[in-house]
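These are the residues of each chain, in order.
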Amino acid sequence: MLSELEACLTRINAVLLGKEAQVRLAVTCLLARGHLLLEDLPGMGKTTLSHTLARVMGLAFQRIQFTSDLLPGDILGTSVFDRDSGRFVFHPGPIFAELVLADEINRATPKSQSALLEAMEEGQVTIEGATRPLPDPFFVIATQNPANQGGTFALPESQLDRFLMRLSLGYPAREAEKALLMGGTRRDALAHIEPLLDHTRLHEIQAEVARVRVSDALADYVLRLVEATRTQPQFAWGLSPRGSLALLAAARAWAFLDGRDYVIPEDVQAVLPAVVGHRLRERADPTGLGGGTLVQWLLREVPPL
Amino acid sequence: MSRFSRHRDRWLDKRIPRAKSVVLSQRSIFILPTRMGVAFLIVLGLILLAAINYQNSLAYAMCFLLGSVYAVAILHTWRNLAGLRLQSGRTHPIFAGEQAHPWVRLESRSRAHQAVALGWQRAAMTLDDVPARGACEIELALQSERRGWLRPERLRVESRFPLGLFVAWSWVDLDIAVLVYPRPLEGEAPTVQGGEGDEEGARVVGVGADDYRGLVAWQRGDSLQRLHWKAYSRGRGLLVKDFAALAGSDLLLSFDALGGDPEARLSLLCHLVLAASDAQQRFTLQLPGRTLGPGEGAEHQERCLQALALHGAPAERAAA
Amino acid sequence: MSLLTIPRETLVWLMVAQVLVILPHLAHLPLWIVALWLGCGLWRVRIYRMQASYPPGWLKGLAMLVVGAGVYLSHDGLVGLDAGVTLLIAAFILKLVEMRSRRDAVVVIFLGFFAVATSYLFEDGLLAGLFSLLPILALLAAMIGLQQSRLFGRPWPAVRLAGGLLLQAVPLMLVLFVFFPRVGPLWSLPQAQTRGTTGLAEEMAPGDIAELSQSGELAFRASFSGELPPRAALYWRALTFEQFDGRRWARGPSSHVMRAPAWTPQGAPLDYSVVMQPSGQPWLFALDVPELPGGEAQLMGDFHLQRSRPVEAALMYRVRSWPAAVRQPRLPQSVARAGLQLPAQGNPRSRAWAAELKATHPTPQAVVEALLRHFNQAPYVYTLKPPPVGEDIVDGFLFDTRRGFCIHYAGAMTFVLRAAGIPSRVVVGYQGGELNEAGNYVSVRQLDAHAWVEYWLAGRGWVRVDPTFQVAPERIEQGLVEAVPEERALFDDSAIALLRYRDIGWLNDLRLKWEGINYGWQRWVLGYQGDEQLALIQRWFGSVDYRALGAGVVGALAIGMAVLALVLFKPWRNVRDRQREGYARFEQALARHGVRRQPGEGPRAFGERAAQRLPERAEAILAFVRQYEAQRYAGQTADSVALDRALRRVCRQLRWRAARSRGE
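In order, the protein sequence lines correspond to chains A, B and C.
With the first letter of the first sequence counted as 1, position 226 gets the number 226 in the numbering used here; the numbers rise by one all the way through.
With the first letter of the second sequence counted as 1, position 188 gets the number 188 in the numbering used here; the numbers rise by one all the way through.
With the first letter of the third sequence counted as 1, position 374 gets the number 374 in the numbering used here; the numbers rise by one all the way through.
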């Protein structure tokens, strides 16, 4: 099981050069049944990462490009009158896929955003009174552009909380970029990737991840972290219980990727920046979610023992 | 007395080191009978005398029963503090002369802790209950006098529960530190403008409501009140009027430009910083050896106030 | 913390405690106290409901004056136990009304405790003792209420906690009760006047003992270590009456002699212990001839036992009696004179009869036998309602009415014997008692009070003789109630209740069981004083002195507290932290070599860093970290031994490295 995952990582890293840490976190996020928010400038490989993940994991892939005129129906699907049968027939939207890439999510209006986010949260879609389940696994990678641009709708805190992790790919290292320049087009490479898993296998792995042991001492560490965010003055607000659950789920997946069936404090620390960074805000910084220094503080000050 | 308290503090520093979160254990809890406890013993002594002189077994028994209750009360009072976790919470910065309200979170890890009192002095303690496996928060009051970091003395936590015969207490240092800004002092600023000209200093700083900037395409979420209906009727599509906030010229607040006693200058600067922020004006703060800005907004204001508060103080700790 | 206001809980429990404290005192308090109590209670409730204000200063002063005057009038003075207790209760009542601050409440609570203690001086039965736990509980609950942070808490948690405290205190209390050295009274104190009024008195007219005989109240209980002697042999001596003034019998000179006359033990002794109800009199009860190993009392010149102080509380003493002993074989002149004392004149017929008997019978023994025959054969009637007789009571009884009670027979016989020149005296005490077979003891009640005669014979000493036996043998063999079946109406309530139960089998069993419990209480709890304590402890531990005892008490208390602390703190619940401690020692060991853990550094990260810094010891360090991780995070059962072993390995290697680097 672990070797399969290692192989997946290797294969993704072969396409997305020099981003081992982020790739590992993205896979962790997938294993923990969470959704991923990629925040980066255009052209940093967000789409490539999503594509590669979908292919390697053998997941059905759909991409939704969010624009300001995107309607909820464009995401979820609509019923169309069918002349032949004389009935309304439901045409499922792009959300009915196992891996959905929601590109530039902050371009769309809050209404469309919330249609996606509700579907993410509930794992099902209710259209015209009928409830339709989404496929399982269901994994959303949303990307957003961090630069302050006109005509965007930043996701509010309550919506950000629904993403298990927020990652930023960042510029590639010099060596990696050179390799990128010298190599062929990545789209070609993508087309040749063979899936290593399928969704039943992924299911099994996810179930295994949920069984990773969390000891009392470790739960106490997570609680200490959460309490620190709730009591220390520099935090504008504390982590929600959903946040602490997310932290533990991600730590479990990380431990599993590391080949362990129990979580140790280092696992929590490894996923902490990605999991809590977008859920925290510094009190002295009323704009934006500059959780970075706060996360560093947590890692530095909260005793893990 | 002061030498005694210095000795005591040094001893306590070793025994109960400063920490944001302290769990009271046998090392940190002290216990002694209260005045009421001593009076209780005297009453027991009288009952014992009666028992001896009247050779009355029941009076003996009652004396021993109450004596045993007295002994058991030691354990109960001690237990009422043992295992209690104290944690200092966030404290907002204040201006000199104001009262800070740091709060302390009391948390139980197992049983309930009833009637735990907390305070800086014995005279003014706040009493509260900590539920089993729960927590309570106590807000304390702390008078500030000077700018800078306000570090209160050790905090006394005590309990006389259940019978009031004993008082168990501890002195903890929860590393409470309140940043105290200088006391704002009303006064006129010498008009020193940053930059050269007036118009150059004025810059568009983002979407606002001050200045009409032109027409842009409507996007979902734009206010309908700003729709340019005339343009729409002419078939030019949906357009909105775009406004921009216009900042005034930058203000330079300089320590050196002011006269008088340094503390008074800091106080005046504090007032000016607040005034400039209220007016949403960009400003630069110049302190000897340090320049902040130009900038605006709450964050800039906070940085400036912090610099004023800690001006001249040794770099004691990173900004909280 | 508001120091001024009294929480509602405390107030509620103080009111409850007041009722519970005062109830047992009601029997000996003057009635006006009840009125004061009701008035003050109402006032307090009205204050609480904000319908009335606190009493003004002048009213408090006035109340104190009135109470002082009331006590003075009710008890003829302000000193004495009864007056003191009344004052105490009055203070308790008044203080509750004017109580405002928490400190006042503490004073009220302490007054309450003291009032409970004084109630034992009046009533120390098992039920009273158990009942007194209630006011103690209420007072403790009031104390707890004072400490609570809420002003309007619910009253039940406080009383539950108080009950828990009491329960936890019981083992320590038992240790103290058993081992705390019991010393004698330090100084004498006024005694309660309201108890010990029934019972035998210093002097008696014939009617007195009859009155006494109508009460079913308990006088004492005696439990025998061997077989119970037959009922007819149980003559419990209390006093002798040697002085007769024509109407009343009173104690004579030999009963004040502080030295026992010569006597020789004979036959088999009887060993028994007596638990006596408080009598208010200094004499004890025993079978002839008693020896007291405990030395509680002195055997007096007339073979009765006398203590220096009256018996004011239940008293237990052990006795060895020699029923067949020869007492005072040689009679001193003074005793003989006292044994022959008669009034100068009166009762001429009796005197004449005595002279006739003396003339017709050769020996004193024959005179006695003739007398007894006379009582047996002549138509004498045993009754509790003797008819009135004239000026010469002996003559009137012997020759006219011929109806009387034991004191009449004993008095008359003694008179005749003395008139016939035989030294003799009236003995009063109790005869018989109710056998409780379950507990092998005898309960002797006031209705068992009896009077009999002893006369002196040269060579045989004092001989006991009971004329009542000749008239009503069932009185001796069965008891008074059987002797006078038609006079039941005379008995008081307690005696009647006793009679009624006797007829219903199971109820009687129940009564006897309850008696047994009470007896145990008196014997083992109330009677547990100095000598009893030493005897018990010597039985358990061999001979001990007070110093060893003190050390033992302190040790037992320390152990008790330690056990209680264990129960309260449950240290075994903290096993988990052994691992944390182990890791702390690991950190200390590494810190000595300059590798310190950062506050936010995880256990594995630190271990790896340390392994890098100390590459030669990497294996031991990583082994310890693996062990720690396995126990703390991987759910392996906590095994402090394995962890310690891994830790010791690290420490050993580090020490070696340190030694080597020093050597270099």
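To be clear, the hints were calculated from the coordinates, so they are not data collected in a lab.
Any given hint could turn out to be false.
As the list claims (entries may be wrong) - Derived list of chain C stretches under chain B, where covered just means 3 residues or more per stretch with a C-beta under 8 Å from a C-beta of chain B: (1) 5-19; (2) 119-130.
What the hints assert, rightly or not - Pairs of lysine to aspartate or glutamate, DMTMM-like flavour, derived with a Cα cap of 25 Å: (3) B/K14 / C/E587; (4) C/K570 / A/E266; (5) B/K20 / A/E266; (6) B/K20 / C/E601.
We put the CB at the ideal spot given by N, CA and C, even for glycine.
Numbers of unmet hints, in rising order: Those not satisfied are hints 1 and 4.
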